[in-house]
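Residue numbers (my numbering), protein chains in the order written: chain A, 96 to 211; chain B, 49 to 162.
Don't read these hints as lab results, they were simulated from the structure.
Please read these numbers as outputs of a predicted model, since none were measured by experiment.
Using 27 Å as the maximum straight-line C-alpha spacing, the simulated DSSO-like pairs for lysine-lysine come out as follows:
1) A:K153 x B:K49
2) B:K105 x B:K61
3) A:K203 x A:K164
4) A:K144 x A:K163
5) A:K144 x B:K105
6) A:K203 x A:K153
7) A:K144 x A:K203
8) B:K49 x A:K144
9) A:K164 x A:K144
10) A:K203 x B:K105
11) A:K163 x A:K153
12) A:K163 x A:K203
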Amino acid sequence: AQSVTQLGSHVSVSEGALVLLRCNYSSSVPPYLFWYVQYPNQGLQLLLKYTTGATLVKGINGFEAEFKKSETSFHLTKPSAHMSDAAEYFCAVSGNQGGGADGLTFGKGTHLIIQP
Amino acid sequence: KAGVTQTPRYLIKTRGQQVTLSCSPISGHRSVSWYQQTPGQGLQFLFEYFSETQRNKGNFPGRFSGRQFSNSRSEMNVSTLELGDSALYLCASSLAAGGWSPLHFGNGTRLTVT
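So that you can see chain B by itself, here it is in the shape it has in the complex (with noise of 0.2 Å):
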């Protein structure tokens, strides 16, 4: 079974662009969770889909959207991107919404902002 899929696995923009990153989940998982990590902060909850609807949404400015797809693929966007945003993006995703189901995670997406 393939793992979950994101893209790109790198990108480099320019603050003030917006840049919009793409997870596609294990087959059968419609949950999708975002997670910001970087090395001061951490591991950081974006916001999280299940069944086309964002279920819940972390401390994080209105810049940073998401949406999810009927196949369950999900996409998240920021706009007017700042230094700060710099981080890897990791995408998760689970069988079933809820704290007692595991989270399989992508790679991730490396953004840059210059």
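Here chain A stands alone, though its shape is the one from the complex (with noise of 0.2 Å):
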């Protein structure tokens, strides 16, 4: 079984300030990690993915993540927020571990403002 927790449903930073979302996640398996964008009426777009090797996920616009399994955490982060940023962010994790698949599993999602 597999859960992930994101803390804070919302998120408000100035524009040109840190983002830091957080994720924890719970699997009996080491797991595949990935966080997700949803901008208003569309589907889920991926920002970057956990698999194997580096800890450090550098993903699509200027997004980057820590696979910390000490902590058991996947906190999406980048140095400088801009307004285009202000979405719904998903961070999920997946426990296959190769044989058949269980589907991905969601945390609740964290709704990201950017103050101007």
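Got two chains here, each in a separate frame; can you build the complex from them with the hints?
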């Protein structure tokens, strides 16, 4: 069984400030971790993923996330927020290790608000 | 390369009716998954298909079903609609089945049941 907790349903930052969206996961097997972004009336777009290898993962639009196994965390950061970053962000975990698929388990999402 | 296409974008149905939603995956993608998104429950996994076979199914009643065709296109069907079925239904495709393969989502079909 796996689960994802995203701390803060709403996060507000000023334009140009650091963005930090928190994600903690629970998985009985080594996880695959993902961050997705959803803009209004659209589907989800992949920002970045961690599967194996380097624990600091860089994604699109200047976002990055660090996999910390000891803290079971996969927080998303961006050094400088832009107005266009305002959206809903979802952290997701998959515990599939190659035999069958159990789908992604998503967090409840964090609504990122950018203040001008 | 064209993205995942879902049709229709919007649907309004009455309780008790049935509905069929369609999804065309990215060319070359053989895995198609379906998710339900609601404000209360968030994103929930419905099922995944790979090479016309259902690989797994989420915790939804049997009224929810799906299938995949030989060209990888997929449909999902909901019978005997209930008010609680109102949601955004998202289809996603991926190159391969397996948790490591990222999902590419369509824009969804918004179903309203009255």
